[in-house]
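Chain order of the listed sequences is U and C. Under my numbering, the first residue of the first sequence carries the number 117, and numbering increases by one thereafter. Under my numbering, the first residue of the second sequence carries the number 117, and numbering increases by one thereafter.
If you are wondering where the hints come from, they were derived from the structure by calculation, not from laboratory data. It is possible that some hints are incorrect.
Stated by the list, open to error - Listed next, with one range per pair, are the computed distances between beta-carbon atoms: (1) U/Ala501 / C/Gly464: 27 to 33 Å; (2) C/Asp187 / U/Pro652: 38 to 44 Å; (3) C/Glu539 / U/Ala501: 37 to 43 Å; (4) U/Ser659 / C/Asp187: 22 to 28 Å.
Said to hold, decoys possible - A few chain U residues that don't get close to chain C, going by computed Cβ distances all over 12 Å: (5) Gly132; (6) Glu416; (7) Ser678.
Claimed, not checked - Here chain C is said to cover these stretches of chain U; the calculated rule only asks that three of the stretch's residues, wherever they fall, bring their Cβ under 8 Å from a Cβ of chain C: (8) 156–164; (9) 184–195; (10) 327–338; (11) 431–437; (12) 634–648.
Note that beta-carbon positions come from the ideal geometry of N, C-alpha and C, so glycine has one too.
Number of protein chains: 2
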Amino acid sequence: MPILRLALAQTNPRLGDFSGNIDAIMGFVQKAASQGADLVAFGEMALTGYPIEDLATRPEFLHRARHELDDLATRLLSAGLGSTPVVIGFPNGPLALPATNPAHSPTAIAHNAAAVLQDGRVLGIYNKHHLPNYSVFDEHRNFRPGDSVMIVHVAGCDVAIAICEDIWRDGELMTSIADAHPGLLLVINGSPFEREKDEVRLPLVRNRAAQTKAHVAYLNLVGGQDDLVFDGDSFVVNASGKLLARSPQFVEDLLVVDLDLPDSRTNGAQIGDGFTVVQTGGTSRGHVALRTPAPAERNEDTREQIWNALVLGLRDYVQKNRFPSLILGLSGGIDSAVCAALAVDAIGNDRVFGVSMPSNYSSDHSMSDADDLADRLGIAIRTEAISSLVSPVEEQLGLNDVAAENLQARIRGIILMSLSNAEGHLVLTTGNKTEIAVGYSTIYGDSVGGFAPIRDVPKTLVWELAKWRNEAARRQNLVEPIPEASITKPPSAELRPGQLDQDTLPEYDVLDAMLDAYITRRLGRDEVVALGFDAPTVDRVISLVDRAEWKRRQGAIGPKISEMAFGRDRRLPVTFVRS
Amino acid sequence: MPILRLALAQTNPRLGDFSGNIDAIMGFVQKAASQGADLVAFGEMALTGYPIEDLATRPEFLHRARHELDDLATRLLSAGLGSTPVVIGFPNGPLALPATNPAHSPTAIAHNAAAVLQDGRVLGIYNKHHLPNYSVFDEHRNFRPGDSVMIVHVAGCDVAIAICEDIWRDGELMTSIADAHPGLLLVINGSPFEREKDEVRLPLVRNRAAQTKAHVAYLNLVGGQDDLVFDGDSFVVNASGKLLARSPQFVEDLLVVDLDLPDSRTNGAQIGDGFTVVQTGGTSRGHVALRTPAPAERNEDTREQIWNALVLGLRDYVQKNRFPSLILGLSGGIDSAVCAALAVDAIGNDRVFGVSMPSNYSSDHSMSDADDLADRLGIAIRTEAISSLVSPVEEQLGLNDVAAENLQARIRGIILMSLSNAEGHLVLTTGNKTEIAVGYSTIYGDSVGGFAPIRDVPKTLVWELAKWRNEAARRQNLVEPIPEASITKPPSAELRPGQLDQDTLPEYDVLDAMLDAYITRRLGRDEVVALGFDAPTVDRVISLVDRAEWKRRQGAIGPKISEMAFGRDRRLPVTFVRS
Numbered sequence: 117m118p119i120l121r122l123a124l125a126q127t128n129p130r131l132g133d134f135s136g137n138i139d140a141i142m143g144f145v146q147k148a149a150s151q152g153a154d155l156v157a158f159g160e161m162a163l164t165g166y167p168i169e170d171l172a173t174r175p176e177f178l179h180r181a182r183h184e185l186d187d188l189a190t191r192l193l194s195a196g197l198g199s200t201p202v203v204i205g206f207p208n209g210p211l212a213l214p215a216t217n218p219a220h221s222p223t224a225i226a227h228n229a230a231a232v233l234q235d236g237r238v239l240g241i242y243n244k245h246h247l248p249n250y251s252v253f254d255e256h257r258n259f260r261p262g263d264s265v266m267i268v269h270v271a272g273c274d275v276a277i278a279i280c281e282d283i284w285r286d287g288e289l290m291t292s293i294a295d296a297h298p299g300l301l302l303v304i305n306g307s308p309f310e311r312e313k314d315e316v317r318l319p320l321v322r323n324r325a326a327q328t329k330a331h332v333a334y335l336n337l338v339g340g341q342d343d344l345v346f347d348g349d350s351f352v353v354n355a356s357g358k359l360l361a362r363s364p365q366f367v368e369d370l371l372v373v374d375l376d377l378p379d380s381r382t383n384g385a386q387i388g389d390g391f392t393v394v395q396t397g398g399t400s401r402g403h404v405a406l407r408t409p410a411p412a413e414r415n416e417d418t419r420e421q422i423w424n425a426l427v428l429g430l431r432d433y434v435q436k437n438r439f440p441s442l443i444l445g446l447s448g449g450i451d452s453a454v455c456a457a458l459a460v461d462a463i464g465n466d467r468v469f470g471v472s473m474p475s476n477y478s479s480d481h482s483m484s485d486a487d488d489l490a491d492r493l494g495i496a497i498r499t500e501a502i503s504s505l506v507s508p509v510e511e512q513l514g515l516n517d518v519a520a521e522n523l524q525a526r527i528r529g530i531i532l533m534s535l536s537n538a539e540g541h542l543v544l545t546t547g548n549k550t551e552i553a554v555g556y557s558t559i560y561g562d563s564v565g566g567f568a569p570i571r572d573v574p575k576t577l578v579w580e581l582a583k584w585r586n587e588a589a590r591r592q593n594l595v596e597p598i599p600e601a602s603i604t605k606p607p608s609a610e611l612r613p614g615q616l617d618q619d620t621l622p623e624y625d626v627l628d629a630m631l632d633a634y635i636t637r638r639l640g641r642d643e644v645v646a647l648g649f650d651a652p653t654v655d656r657v658i659s660l661v662d663r664a665e666w667k668r669r670q671g672a673i674g675p676k677i678s679e680m681a682f683g684r685d686r687r688l689p690v691t692f693v694r695s
Numbered sequence: 117m118p119i120l121r122l123a124l125a126q127t128n129p130r131l132g133d134f135s136g137n138i139d140a141i142m143g144f145v146q147k148a149a150s151q152g153a154d155l156v157a158f159g160e161m162a163l164t165g166y167p168i169e170d171l172a173t174r175p176e177f178l179h180r181a182r183h184e185l186d187d188l189a190t191r192l193l194s195a196g197l198g199s200t201p202v203v204i205g206f207p208n209g210p211l212a213l214p215a216t217n218p219a220h221s222p223t224a225i226a227h228n229a230a231a232v233l234q235d236g237r238v239l240g241i242y243n244k245h246h247l248p249n250y251s252v253f254d255e256h257r258n259f260r261p262g263d264s265v266m267i268v269h270v271a272g273c274d275v276a277i278a279i280c281e282d283i284w285r286d287g288e289l290m291t292s293i294a295d296a297h298p299g300l301l302l303v304i305n306g307s308p309f310e311r312e313k314d315e316v317r318l319p320l321v322r323n324r325a326a327q328t329k330a331h332v333a334y335l336n337l338v339g340g341q342d343d344l345v346f347d348g349d350s351f352v353v354n355a356s357g358k359l360l361a362r363s364p365q366f367v368e369d370l371l372v373v374d375l376d377l378p379d380s381r382t383n384g385a386q387i388g389d390g391f392t393v394v395q396t397g398g399t400s401r402g403h404v405a406l407r408t409p410a411p412a413e414r415n416e417d418t419r420e421q422i423w424n425a426l427v428l429g430l431r432d433y434v435q436k437n438r439f440p441s442l443i444l445g446l447s448g449g450i451d452s453a454v455c456a457a458l459a460v461d462a463i464g465n466d467r468v469f470g471v472s473m474p475s476n477y478s479s480d481h482s483m484s485d486a487d488d489l490a491d492r493l494g495i496a497i498r499t500e501a502i503s504s505l506v507s508p509v510e511e512q513l514g515l516n517d518v519a520a521e522n523l524q525a526r527i528r529g530i531i532l533m534s535l536s537n538a539e540g541h542l543v544l545t546t547g548n549k550t551e552i553a554v555g556y557s558t559i560y561g562d563s564v565g566g567f568a569p570i571r572d573v574p575k576t577l578v579w580e581l582a583k584w585r586n587e588a589a590r591r592q593n594l595v596e597p598i599p600e601a602s603i604t605k606p607p608s609a610e611l612r613p614g615q616l617d618q619d620t621l622p623e624y625d626v627l628d629a630m631l632d633a634y635i636t637r638r639l640g641r642d643e644v645v646a647l648g649f650d651a652p653t654v655d656r657v658i659s660l661v662d663r664a665e666w667k668r669r670q671g672a673i674g675p676k677i678s679e680m681a682f683g684r685d686r687r688l689p690v691t692f693v694r695s
């Protein structure tokens, strides 16, 4: 039985940065080839970055991507790496359109594809069949489906190709792949992180291994792209579903593993309609010492995974957009404390700047908690009192009550944006998912900023993450970043003297459970009440959620960590009457 | 040949307002029945309002819609209107899902459907086959396709049913409909306004008339729903494509027309697989005097159509969300002048409030032009000078240059939001499409507001609309609403002394043409240059457009009037490197 030495390159592409991405790709192929790899694979759209969204409908972008793909093949050859077959995701277009095809989006002019490169050329292209069009995905909008199965004949083995959603759907594709009896099913993915998603990927892949009686290699991207975080976590199972190798999460990785596969069935020859066999030439390198790398330590602590996902999402937004630094308001509360800790973990304390903006209503402890936080994190903090900025506006316009409360938050927003304009920082907004759900923030006030790191983190989880982060520091004998007082004190927007959140909302544990039912699980009002919640409270919370839609539409993006994040996961009307 | 008296009810439903929508529906059926209609039709999703977006994936909403549909049928019967068949759009669900169907979005649990009601019951349901998933639509995300053709046998005639996109796609549905030889094809629609779209609808419908050899009735919704404006403009053609009747645009209407149709082929009996024939019972009312209403005066002036679309979009956002009034900043410039005029046309001058917010840099003429505008429109205007609000912030933070310029805009934003909080107005933001394209606005400054009436109007068109609106007033011997000075003076953001827009941007006619090429027509950089533009300018403008994506994401919604409006029409990454 031939041994296939498979190299899975788990990369973090930067969207549109062709030259940067290709430099990185070259490096990974070099490294894989030096380890004797028979086949090197990259993730879904690894050439361009992912998702490309409506860029897929722009011919210029598609022409450029194809040009760069061809150029990559040439450069690999020139670098003496031409003999190693490479599989890489890219957008395949622009396609000639049939004038009116009822099944396709009229603006879709490309396939989501994988190219096979060798000897300076593109040997073949596989087009993704199943185009996800739910959750955050709009692939039916932007791509046309493929209809052919690809088998790559390499090193005496048959390797079937699939892309992401392809293995999530039953139907003709998986059946055809099984019928071809490949030794390996190589699936390249752009699969975003969601808490507990790994609990779904592994069983799914095991099912496909059983169905195809083949090894299955699941290769994912890693890195942040706007609101999505690709968590890596690539892995390989054998035909019995046994886990053979696994990459870590949240970092780039090259996973090289030897797979003992059955002989090829195709021998590189075409096998019939609906199948494309790509013959890569060359034989197995006849590997002597079998490589079976130990699967990466799997971190089962969800809180740690979420923290790392948030850090990566934030870091990549900063780095990929070339921001020099971050700035955020420090209220002494838990939300800004967690955001500050994430920021420091993401880009280092010398590039994170805090601003304390006390008013007449800020408690003494909130100022000292902000200073304590800054001290623990080692970040610069400045104080900009707001009272003398607030009162001229308040007096000129004659404001009180809600208008005066909101004014304070908006003056704070102006301070942060002014410092951003003057000094070049990216402003972070520190709102959590619970307050975004019920609209409990001042638009153009505390919601101001370019990125919202905990936008998809419910309040109860914010506390959990804060506690976990301190525990993690303790375990390593490092300074606990978040002041205990910020964790234990009751939350308050501090817009009025003595104001506490609980005065107007249910307890957070009740509220978060209610929101999870209504938002994530899409339960209706009666079903939420049936779970045991107080009916008038349910009605009030639902009303707050629905009426906050317009604010959410104007909010900054932030990393998705749940199955239902505000934004592309949840597209609802602003003008909507709940009657 | 039997005469079918067809009543097309062009209604303006309010999303989610079941009781309000049903009261209106009852009224239209009553009126149609009193005119002897054989069949009364309503538009796509007329029961619920449209589009319902992800509400289609929420079982509670679907159960409610079905309940209300059944209730409507019962109420019609109780009101003595049971004998008149009614066709009405609604969401048909929740459906039992097959566990994993490769063709469907896993969250789609409903059809986009039309129900046939009579005698207190739902006689049949047609499910839309072709689900648009491009432009602003996400119907493949939210619905599952139908697969059966419906023929309604009424008054001795066969009436085939289709919904919107169904007639835009060639394929099995249209062929099957043609094969059934109906006398009439009734298409119910939720077709949003786009300038020059009527030039496409009528030829399309004529083609379908020729293909089916049937009369075709095209019934549309009317009204604003968030960023979409449904323009009505329902019409009927005969089998030769001759226009028989037409509703006006932008207003509700009941169009009753007698159609001389061929005898039924089905006679109410089923005709085979893939077809559902709904027998409505009763015969033609044997109409004596044939009704052939004169087609509504068709307004061919695009500027007037656009103005009316903008007014309707704004009015409905205000009314449907129950805002008592509008407030906006009046700079003396053309953008705020046009927005103010739209606002007054939408809801009346007693509910529109202007705020002049001069700084030290505002020219004398801008203040007087603002007063002149307010006087012409008959709206209240107040003046809130900003210098003493700006300087404390400027001094405390030590701001100058861009930061100081942006501060002024943000103080103005705070004033408008404060007055909104205090007095209950909806704030309008007055940005036009050109400045939104190049990011030439201060986020959280002039971009502040809940609705953006001219968001999809390029600067050059803003001028055209202003001139048209003054002409229209002149023709009716009314006061021209927009001061001539606001139209003729060079535009300026007035953030620096003597600052003019042209100092940093190409002339607006050049810029708008460039943006149309890059944005609407999706041309690439080289193609735009090839149109004859200066290459460095193209590069600079493209860079501005790409880098402004994050600002656009946070912008207020406003009415779509073009084929490519920022927002759901154009989904592009924020993190994107143009290399």
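*asked:* Which constraints among the numbered hints does this structure fail? Numbers only, ascending.
replied: Hints 1, 2, 3, 5, 8, 9, 10 not satisfied by this model.
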